[in-house]
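Student: Sequence:
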Amino acid sequence: MHVSKLFIVGAIVTAAEAFTCARELFGQCYFVDGNPVGQQQRCAIKCEDKFGHVNCVCPDYYPKNDEGWPYSGKHECIPVEFQTFLP
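Going letter by letter, the sequence shown gives residues -18 to -1, 1 to 69 in mature numbering (1 follows the signal peptide of the UniProt record, and there is no 0).
Calculated directly from the structure, the hints in this document are not laboratory data.
We put the CB at the ideal spot given by N, CA and C, even for glycine.
Please note: incorrect hints may appear among the correct ones.
Here are the computed distance ranges between Cβ atoms for each label pair [to be verified]: (1) His35 with Asp15: 26 to 34 Å; (2) Gln21 with Glu58: 31 to 39 Å; (3) Ala(-1) with Val62: 27 to 35 Å; (4) Gly16 with Val62: 25 to 33 Å; (5) Asp48 with Ala4: 16 to 24 Å; (6) Glu58 with Asp15: 18 to 26 Å; (7) Val62 with Asn17: 16 to 24 Å; (8) Arg5 with Gly50: 16 to 24 Å; (9) Lys56 with Glu30: 16 to 24 Å.
Straight-line C-alpha distance at most 30 Å; calculated DSS-like pairs for lysine-lysine [unchecked claim]: (10) Lys56 with Lys32; (11) Lys28 with Lys46; (12) Lys46 with Lys32; (13) Lys28 with Lys56; (14) Lys56 with Lys46.
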């Protein structure tokens, strides 16, 4: 595959992990333990404020445990009162 095609594919994969919320909301990311019917954890993340909306990017792994739970690809925007921030 040509280098420029690899760059475009890589940019698309990276962009899929970013999402936007309204300024008064926070981003929330979901992580799983790797088992299809296993445990799931979620954490709010602090997002970068950009002119009326916030840009959020979920980390690849859940940082609150040492088991390396991966990001599930699921995320949402939540109100401030439901936040539980990542460290």
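Student: Please go over all the hints and tell whether each is borne out by the structure.
Tutor: These are the hints, each one checked on the structure:
1. Remark: the range hint 26 to 34 Å for histidine 35 to aspartate 15 is upheld by a beta-carbon distance near 32 Å.
2. The beta-carbon spacing between glutamine 21 and glutamate 58, approximately 18 Å, falls outside the hinted interval of 31 to 39 Å.
3. Remark: the range hint 27 to 35 Å for alanine -1 to valine 62 is contradicted by a beta-carbon distance near 21 Å.
4. Hint check: glycine 16 to valine 62, Cβ distance near 31 Å, so the stated range 25 to 33 Å holds.
5. Range check, aspartate 48 to alanine 4: Cβ separation about 34 Å, and the 16 to 24 Å hint is violated.
6. Take glutamate 58 and aspartate 15: their Cβ atoms lie about 20 Å apart, and the range 18 to 26 Å holds.
7. Between valine 62 and asparagine 17, the C-beta spacing of about 32 Å breaks the proposed range 16 to 24 Å.
8. Distance hint check: the CB atoms of arginine 5 and glycine 50 are about 33 Å apart, inconsistent with the given range 16 to 24 Å.
9. Range check, lysine 56 to glutamate 30: Cβ separation about 20 Å, and the 16 to 24 Å hint holds.
10. Our distance criterion of 30 Å between C-alpha atoms is met by lysine 56 and lysine 32, whose separation comes to about 22 Å.
11. Between lysine 28 and lysine 46, the direct Cα distance comes to roughly 15 Å. Compliance with the 30 Å bound is thereby established for this hinted pair.
12. Note on lysine 46 and lysine 32: the hinted pairing holds, with a Cα-Cα distance of about 27 Å set against a maximum of 30 Å.
13. Between lysine 28 and lysine 56 the CA atoms are separated by roughly 16 Å; this keeps the pair inside 30 Å, and the hint holds.
14. About 17 Å separates the Cα atoms of lysine 56 and lysine 46, which keeps this hinted pair within 30 Å; it holds.
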